[in-house]
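Trainee: Chains as they are written, first to last, in my numbering: chain A, 1 to 506; chain B, 1 to 100; chain C, 1 to 723.
Treat the hints as calculated values from the structure; they're not laboratory data.
Positions of the beta carbon are idealized from the N, C-alpha and C atoms, including for glycine.
Be careful, since some hints might not be right.
[To be verified] Only some residues are given here: those of chain A computed to face chain C with a beta carbon under 8 Å:
1) Val65
2) Ala294
3) Pro480
4) Pro482
[To be verified] Simulated crosslink set (DMTMM-like; lysine to aspartate or glutamate; CA at most 25 Å straight-line):
5) A:Lys449 x C:Asp389
6) C:Lys493 x C:Asp389
7) A:Lys370 x C:Glu181
8) C:Lys179 x A:Glu111
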Amino acid sequence: MNFLLYPLTMVTFFPLLGVLVLLFLKPEQKNAARWTALITSLITFGISIAVLAQFDRTNPDLQLVINLPWIQVAGWNIAFHMGVDGLSILLVLLTTFLTPISILSTWTAVEDRVKDFMLFFLLLEVGMVGVFVSLDLFLFYIFWEFTLVPMYFLIGIWGGPNRMYAAIKFFLYTMAGSILMLLAVLWLGIQGGTFSVPELVAQDNIPANLQTWLFLAFAAAFAIKVPMWPLHSWLPDAHVEAPTAGSVILAGVLLKMGTYGFLRFNLPLFPQAAVQLAPLMGVLAVIGIIYGAAVSYAQQDVKKLVAYSSVSHLGFVMLGLFALNPQGIQGGILQMINHGLSTGALFLIVGMIYERRHTRDMDAFGGLWKIMPVYGALTLIVTLSSMGLPGLNGFVGEFTILLGAWEAGQVGGPFGSYWYAGLAAIGVILAAVYMLYMFQKVFLGPVDKDENRSLKDLNWREIVTLAPLLVFIFWIGLYPRPFFELMAPSVDKLVQILQTAALAIR
Amino acid sequence: MLPVGYYIALSAILFTLGALGVLIRRNSIVIFMSIELMLNAGNLAFVAFARAYQSLSGQIFVFFIMAVAAAEVAVGLALIVAIFQTKRSIDVDQLNTMQG
Amino acid sequence: MIFSEVTSAGAQFFQWVPLILAFPLAGLLINMFFGGRLPEKVIGIVGSSAVVLTFVVAVLQAISLVGHPEGAVVPLADWIHIGELHLRWAIQVDTLSVTMMLVVSGVGSLIHIYAIGYMHEDVRHNGDPGRYQRFFVFFNLFILAMMVLVSADNYLMLFVGWEGVGLCSYLLIGFWYDKGEGGIGNAMAAKKAFVTNRVGDFGFLLAAFTMFGAFRSFEFESVFRQAPEVAAIIPSAIMFITLFMLLGVTGKSAQLPLFVWLPDAMAGPTPVSALIHAATMVTAGVYLVARSYPLYSLVPEAQFWVTMVGALTALFSATIAVGQFDIKKVLAYSTISQLGFMVAAVGMGATVAGMFHLVTHAFFKALLFLSAGSVILGLEQGHHHVEHDPVLRKKAKNLHHFDPQDMRNMGGLRTRMPITFWVFTIGGLALAGIFPLAGFWSKDEILLEANHLYSWAYIILSIAAFFTAFYVGRQLLMVFFGEPRTEPAAHAKESPPVMTVPLMILAGLSALGGLLNLPGIHTFGHWLEHTLEAATHGEAAEVAAEVGAEAAQAGALGFDLGIAAISTALAVVALGLAWYLYDRRYKQMLDIPPAKRPDDPLRSILGPVFTGMERKWWVDELYWAVLLNPYIALSKFLAQVIDWRFWHDWFHDVVIAGGFKWITRLTAVRIDLGGIDAIANGLATVTQGLAQQMRRLQTGYVRNYALSVFVGVVIILGYLILR
């Protein structure tokens, strides 16, 4: 039992305590279930803050490490190995931060089988945090697959009319990619004699051509999760059908598991392959940015618009990561957080209007700012953050990413051409086009639908749900230094590895 | 002090009586009593050998057997009561639903 | 006494400069959170005093600068710090930035005060008094963003303000977001402004990236210091920086080819047009080029392009202004044209002339817009009066579709709104460049420099100046002279003092603004020299000297009587022509029956050319055809056909999912049922047969089982014993 007292195991497994309590509740005790889940997730968030307090931001290495032997048969060395560093700490915090917010957003939206909903939600949190703190490939794989199950049920039971299709598609699509990753995981673990990521990184003895194959096998799983163009087809279905809280977590955290996977595994484990394949990933990212933006613009369903905008935003993240320089990678990590905050908030906002009107068709709205002034103002801020207005969080991420990509475009850089950053910057224009189009369709213009006249503005619970996100939207936009400081040493270390690899190739 | 052979002989007789009782009688309570007889025959043999060889393990075994016997009686009697409630009989030949 | 103390201890006022951000921020926060509970007056006073206080701080900075012309940099906080990338929030106080601060907060204060009165009427006229609060929140936000823009000590912070003012522009153009053409017109105009500006910002971003690549820094000081060295090693870098930046300038300062948003931006309330879309925000591009003078001075090609863009814009939009009937649209195109003058000036290196024109233009264009607002308000009140008077109501036609901004509905307001008439006339003549008003001096200086540096630009700008004077005359005559052409115009009323007093102050400034930089004295030139020379110190100055010695010695040119005479003569001829057409011909036109009467004397003379002017030379239509419609079609095609029908429905659902189902059916029916099942069934039959035989053993009698157990035991024991 001693191992449960480590900070990281606490933050990972604490939600299970809430699950235990929920099991003893009767299905009719809806409010008790809600409060249990909310309090559990809030305590988990508290624990993660304690983890942050113990985290040494000047140390580039993994910290708060737990490394216990776990499964050791037939030469397999599987360990219960957890730890955080600058690459993952923010994502752990994002997860524990978004979970209570999502739970709060379901207060009146979920009335059916509340207890089960909360149960799955807390299980999902366990899986997500586990993904971000695992350092053993095997343990990581278990958490990675584990997140699929609660999400499958969240979409499949509480989703929209076409939920079974979406849930199964989500499950199979992500599963298909994971299989390739499993093969690569097994190969690495058996060949290297350990499943521990830091040890494998230290070994650094995978031949270049093999690195490419392993890179692609891992990339298959992660690229689907991100999702990178053209593997994004599951995303609109899953988002449109998922309940609001599910969409928030899906966009806010689950997609980040893909980009985080690239960061934690692909870049340090296969640095030479990363350098060689950077142009390919860069091209896919740029296509994703422009394609996602263009497709968003043509959507009628607000939720679908936001879903496609994720393809565009995550394209920015991938572009930053594969710029392979400090600006790009730090910008990429920050953009993961930004996207979690802004798109999470956008999904909450869509959910709020859906709860009132039971439609998400943009044509059904118009002039809402007049009827719901608070809602309009908050949406405007989130919209602006999402399209990267300077002074808000989106800009800091996008600018640093683009700057990193531009630097990577120098002769001899990973991209080798300024076109990557130049074309990606067009995405900034297009983001304004589709975001303002959405805002105009829903909030501006005259109120010409009678159903909209009697809509109520946000209540206190809804404002409290959105307010923490807005605080961070402004904070990161105006003073992102603490966030960059958290990740800088670890990113520098990663960049060192990549630069050595780049030299080795030449 | 009697030689150990006598005790063993008595134990063998008791065991045979028990075994025959189990095989022949149809009343399940009697079958039960016969089983007890067999167990206690075993006990007698254990005690006798324990004494003969000056070893405590035989005696400890007896305690285990007595505990098992007690448990068995409790479960067995409960079963018999349950069977009686459904079948209105404790004749084991009535219980042939397992016939293939 | 006090003044002398202030100047001697002046430098310490630099530490107060963060207040120029704090005051507008405080004003907007107070109005945002408590405005709902405050009466209108208090909201207006809070909003205005925030700006007035900002102005006071800016004046203190100017006083400090007199004693310490080198200025200061006041750091506020670190912003982004990654590897080599160091960005901070810091305020640059030098003569250039303080000039902008004074203009923004000074003109801003007057317009805020004016807006107290104007918005009081406007929110009632538009039927939503609740938005009074919102207006002042947005207005203060604009001042805040503009201050960030002009006070930045690095390009990125400048960009924050740059997009921030764009946001305020968006919010304020769309202030009446439920009004306009089809109810959505204003919102569309707002979006158009923002997106067009984003295209420019795209250029700005690329300039920033190139700059970081070349200089590893965004700070003005560091960039300008390294500029000559970098120019010697990689000249193309500076070329790209300046040209990308030019794209940003064309967006923000509404130059060719991105000027299209500004006319539509007139959908905003009039104080917004005056402050944001005439006096301050749109001049940000001019400020940027002036600020980046050390870079532009190194690349003559870039200077050529900037000058060309500015000069062509000046002429192009001046021709459009001639064909407009909306009182604010005329002024909007005039603004674009005047911005063209400024951009051309700073482009050719005549920074002082450009900045001088920026300042005087802020005075007289704000004045013109505000008096236009006063005219509109007067007409609206006249309209209101007519609507509620049963006798007049019968006489008037088309009351429901009455457009209070259409100059064809005006006329004869000279006697009805005398103050407005006089201030408008002063502003108009200043714009036309009539001696001795402010516009005369600043425009003359630009023409002088142009004649010296780029003679083709001089010719273009002179023609533009001719058109300027012409449309000014046309507007004055159509609005204020002759007889009222509609009932509302006949019953228009003068505006309240809260509006006319700022107008009179601005009129004073427009009349006397020329004193700032009189030929021979060059107060303003010497004032700015501190900044310009500091930025191009050392080698930079030498390089710049090679490029254009006169240009580096900013504003050193004297006064050329010939050029002044030519431009004045052009202006007078143009005004005379306007008088002939819009006074004489207009009166003659009254003889023609209304059905056949042309709405403008020029229409019958110029025919299709006039239609071209009226329709803005079809630039909007061109953009729709070339850019917008293709993009919309492309995005629909990508979304519906490629992404949904092909990729989602066909590839995933038909090919992958359908293919999988086909394989499962194949395996289920042929292989599974036909093959594996058959084997399994066979096995099962055999087992069943055996079991039939075996079941006889199962008697069900306990004693049988016990016996068999017993026998088994005996056999095993027997085996063990006998073995």
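Trainee: Output the indices of the hints that this structure fails to meet, ascending.
Mentor: 1, 4, 5, 8
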